[in-house]
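Full structure from sequences and hints, please.
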Amino acid sequence: MTDEAFAELLLKPHADTHGMETAGDQQELRDLQAALGSYRRETLHWAERRSAGQPSLADKARAQQRWNALPQWALATVALVTIVGGVVHLASDRAVEPTSIAATLPAAEQPAATDDVAADNHLLSSIDAELSYHGGSPVDGLRLRDAGSAERTEVAGATD
Amino acid sequence: MAYTLHADVLKFTTKEQTATTELDDIDALARNYRPRLLRFVMASVRDEELADTIVQDTLLKAYRNRAGFRGECTVNTWMTGIAVNLIRDHARTQKFKFWRKAHASAVDATDMANHLRSSGSSPEGALLAREQAVQVREAMELLSPNQRTAFLLRFIEEMDLPDIADAMGMPVNTVKTHLHRAVKSVRARIGGARV
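So the sequences go chain by chain: A and B.
In this text, residue positions in the first sequence follow this note's numbering: the first is 41, and each later residue adds one.
In this text, residue positions in the second sequence follow this note's numbering: the first is 3, and each later residue adds one.
It cannot be assumed that every hint is accurate.
Computed cross-link-like contacts, EDC-like style, restricted to lysine to aspartate or glutamate with a CA-CA straight-line distance of at most 20 angstroms [said to hold, decoys possible]: (1) K100/A x D59/B; (2) K100/A x E51/B; (3) K63/B x E74/B; (4) K178/B x E44/A; (5) K100/A x D26/B.
Here are some of the chain B residues that sit facing chain A, going by a computed Cβ distance under 10 angstroms [as the list claims (entries may be wrong)]: (6) M44; (7) A45; (8) L62; (9) G70; (10) R72; (11) E133; (12) Q137; (13) M142; (14) R156; (15) L181; (16) I192.
Because the hints were derived from the structure by calculation, they are not lab data.
Keep in mind the model is a prediction, meaning the values are calculated, not measured.
Every residue gets a Cβ at the ideal spot worked out from N, C-alpha and C, and that includes glycine.
Below, the structure written as structure tokens:
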């Protein structure tokens, strides 16, 4: 008898075993059915007794639900904080007008900029002063004009 | 036709509602399903404390995920599927520890026969029943995990093949293959002991 056919008949306590080839097969089927039945009853009784002594799971289930809810609450809080932060940031950006940007510059930066401009102006004035000539011609230093007038006087005296 | 359809829908809805109500009370769930689950898990892991832990986890997981139960199978099949997965997970993550413990407690598991009640009507009947139960348990120890699970679900829990396939997460034909190999092995063991 094949294992497939044997397996089919195993779960049928009053299976028609007349079609079986040998009496040995019938006896084997009955024995295995009896063994499985005994195992089923004995182990279920053992499991029922052991289960009866187990404590209630209600407290554990509640505690587990609280722990499971914790990450959800944390996630919700983070999401809320992010949204509120974003909204506040946007609102503050819109409140700043373009004309008042200068006014929002740090006060310390303003004198520094004025000093730089004054220094630049002073430097440019110095260069300009150096470049512009206010005195006489360098030729004057050679007294060429005095020598020229003396020569003209001598020539005039000789002609007189 | 319309009446038949309506009746089917009504039947399905009623079944789902009953299951949902049952799943809402974890103590009722434990009362109704713990013994059968414990029997199955104990036969699978062969360690009493580990079996208690896995059954407890199964009940808590079923209760926690009760909203996901659609009523496409019975609560028993659904919970057995959870237990099968937890046994697999446990075997996978703590493979060495798991099998060492299983082997160490194999001697104690033999003592499970001592826990078995004497249910026979006579001392001889009780002794025979106990011997038969021990024979079956020893024969199942030689099976592979998948063969043992299929054998237990079919012949001890008396589940249908499609339900076993659901619980084990494999096609019906694969379950049949495991089952036939298991029957062959058990026949050889028990038949051999008988002869």
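Fill in: Violations among the numbered hints
Violated: hints 9 and 10.
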